[in-house]
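Protein chains in written order, with my numbering: chain Z, 1 to 430; chain R, 1 to 430.
The hints are simulated quantities; they were obtained by calculation from the structure and are not laboratory data.
Don't take each hint at face value.
You can't tell identical chains apart in this list, so a pair holds if it fits in one copy or across any two.
Unchecked claim - Distance condition first, Cα-Cα at most 20 Å in a straight line; then the derived EDC-like pairs of lysine to aspartate or glutamate:
#1 49 with 247
#2 49 with 139
#3 179 with 252
#4 49 with 28
#5 49 with 245
#6 49 with 347
#7 381 with 406
#8 49 with 246
#9 179 with 96
#10 49 with 78
#11 49 with 178
The residues making up each chain are set out below.
There are 2 protein chains.
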Amino acid sequence: MREPKPQASAGASGPSRPRVAVLAVGTELLDPARTDANGARVLAALRAKGFAASFLGRVADDEEAIAAALQAALRSAEAVVCSGGLGPTGDDRTREGAAQLLGRRVVTDGGWLRVLEGRLAQRGRALDAVNRRQALIVEGAEVLPNDHGLACGCLLRERGRFLFLLPGVPAEFREMFEKSVLPRLVEAFPGLPPVRTVRAVVAGLPEAAAEKTLLPWYRRPGVAVSILPHLGVLEITLTLDGGSEEELSLREGEVREALAGGYGRHLVSLDGVSLEEALGRALLERGWTVAVAESLTAGTVAQKIVSVPGASRYFLGGLSAYANEAKVRLLGVPPSTLERFGAVSEETVRAMVRGARARFGAACAVATTGVAGPTGGTEEKPPGTFWVAAATPEGEWARRLYLPLDRASVMEFAAHTALFDLWSRVRGER
Amino acid sequence: MREPKPQASAGASGPSRPRVAVLAVGTELLDPARTDANGARVLAALRAKGFAASFLGRVADDEEAIAAALQAALRSAEAVVCSGGLGPTGDDRTREGAAQLLGRRVVTDGGWLRVLEGRLAQRGRALDAVNRRQALIVEGAEVLPNDHGLACGCLLRERGRFLFLLPGVPAEFREMFEKSVLPRLVEAFPGLPPVRTVRAVVAGLPEAAAEKTLLPWYRRPGVAVSILPHLGVLEITLTLDGGSEEELSLREGEVREALAGGYGRHLVSLDGVSLEEALGRALLERGWTVAVAESLTAGTVAQKIVSVPGASRYFLGGLSAYANEAKVRLLGVPPSTLERFGAVSEETVRAMVRGARARFGAACAVATTGVAGPTGGTEEKPPGTFWVAAATPEGEWARRLYLPLDRASVMEFAAHTALFDLWSRVRGER
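Pulled out of the complex, with its shape left as it was, chain Z reads as follows (with noise of 0.2 Å):
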């Protein structure tokens, strides 16, 4: 009756592969606004060498809660990697709540107490009651040595699961995931087949359109597919398993045409390289320098373009003209345009981009200008209306767009199609 699924993770999928679980202890984590920097390293390391993911969980310090999440994650998966709640104070419960589900008892690590007096020892302080909770280990566990903090780590092994409990500071558990834990599972888990990852970027597509080219791959066995938009920017990650390497390498290649055929000119990489740095390394193929006019995004468009490393070679620099007024005094967009035609217009715009290239001498331009909203719009001209317009050596562009969205999403929106515009036009796309 179960069919297979069409839509695994972006990790690898398929009964061959060990499933790893992960879960973070804390009541402060239960907010989704915070991230779980350690649960994602994790995810990230043991993809890569071949497990998939069956679990990601947050529980609140309560040593019913933490059983009960401990026993899912070990109901899901063949490793556990569990963080957070080995501190010294009561509300920290990993333990308890570990020791509770594999009816085991708590109890005090002799080695690991010796390691605290000594460390403790060199501070000048002795041991007591509160640091002396550091040392429990659930009964039968092998200690895991924290070499940046206090509280030391557990492995336990449960019909042939591994269940790793760790201390939640990122500095502590990167250093244990990386020395005790990831070495252990690669061992455990030898000759794991391979994975091959296609990490496309496409600009300017919406994400219907870009579904299209995906369509064929969602049902083909041994291919996970996941989309992130990012408003005029997607991630589209092709993962490919079940072969051996020189399959692998077939299928890779049949995946790289589709997609360079599918998207065409919206193709900004094939290896996870962004806009903004394939629009970066396109402006150093040609020699060309780069400024900005922006009215709408103010500034985002300039933020993009220097967060790549080494964008001081070919950036300039920008003009934020909100005003009309430093429209005018600074771009050099004549009163008459603006009084005729309006801020938000192609006149206007066209103005900006040759006043940007002009006011910096650089030999590439691009504008944005438009109504952000959520006041300020016309019948005619919505909040969400913008234009956009690239100037380079070779000709000048302008278009109009609309997003009928929130104003920050209108900026990003209009900062991606801006850069987007720019990087084609100095690629010769036409």
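Position chain R against the provided structure of chain Z, taking the given hints into account.
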């Protein structure tokens, strides 16, 4: 043996509050970079009603794993809201996972089947085997209607606990949560003790320094503290519970007073108002306009200023003067200053801030220059070194800072520092 939790989450804590657990089903969600908007919505809405959060999870499209994760959620909370995995394809396994856990069967709901038939008939389509799956429910469930999609939701009761299964499509989830979940839970848990929240925004203070003011609150019962650091800006949330409305009002007043006293001129707001918004309000109050001159941060400061709706009332524009040539030509920085002191110097940043005021005709200005890295530094000015300057009709100020982090972090920290310095000066701080 168990001590009270000193650092409960932003939600309320304490045994008197019903707990809520959230689970998202979908292999594609096992990417920590993806946000779970459905889960965030549930937690925010229920915390405001006095619930506490106990568990937040994501699980792959695997029946066994779903059953285990639902079990963990049900053990940790009085109410579980699960999203996703109710679609028509074979990899949608949430109903099956829930049925397995509860020892029930999956059956077709005749009522919803007729709704589906009617909807598809309107589109001129017949009900096929694939779509029939969307009328499946766990035996004994109450059907929750879905006005925007084809899959119905389920409400299951298990030993007094609530288990809601909703589709994952955000528009469908949102509407069903508001209509079918929230009212039922509010009704089921009447008379929840009140909660108060103080959301402080603090700028220009390192996290460690900000902690000092918070220390007494960590140990106070009925107070939960959370800090979200953003490179130069801190969001601090204190959630108060465990008392009558009157007692909470008193305690809230005490918290506000303590934070105001402890943070002094670093306190941007006690109600979540951001640094950018506070700067805008201060400028409007004094009737001043502002312009920016950015080298290091190239557009980041301008972009933050215009992120506030209505910024066009005080923001005239900005110049990203990345190349020295642009600093000279467009901002009027004397070439001799650049030659003698370099682009990253007090003299240059002061010349930039003056240039911005003059060129834009603005009452106030702010300027940044520095080495973002990873290359381009010297021993004297390593990457992460920067200067900011602020100017108002009442004076001009400049200072040097250093943050040895990555390029993006240096830019973000410098932009926040510049905004904080300007805001302080506009308010008349010296």
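Structure-based check of all given hints:
no.	hint	verdict
1	49 with 247	within (18 Å within a copy, 55 Å between copies)
2	49 with 139	neither (30 Å within a copy, 41 Å between copies)
3	179 with 252	neither (32 Å within a copy, 46 Å between copies)
4	49 with 28	between (31 Å within a copy, 18 Å between copies)
5	49 with 245	within (14 Å within a copy, 55 Å between copies)
6	49 with 347	neither (55 Å within a copy, 52 Å between copies)
7	381 with 406	within (15 Å within a copy, 40 Å between copies)
8	49 with 246	within (18 Å within a copy, 57 Å between copies)
9	179 with 96	neither (25 Å within a copy, 39 Å between copies)
10	49 with 78	within (14 Å within a copy, 39 Å between copies)
11	49 with 178	within (13 Å within a copy, 42 Å between copies)
In summary, the structure is inconsistent with hints 2, 3, 6 and 9 from the numbered list given earlier, while agreeing with the others.
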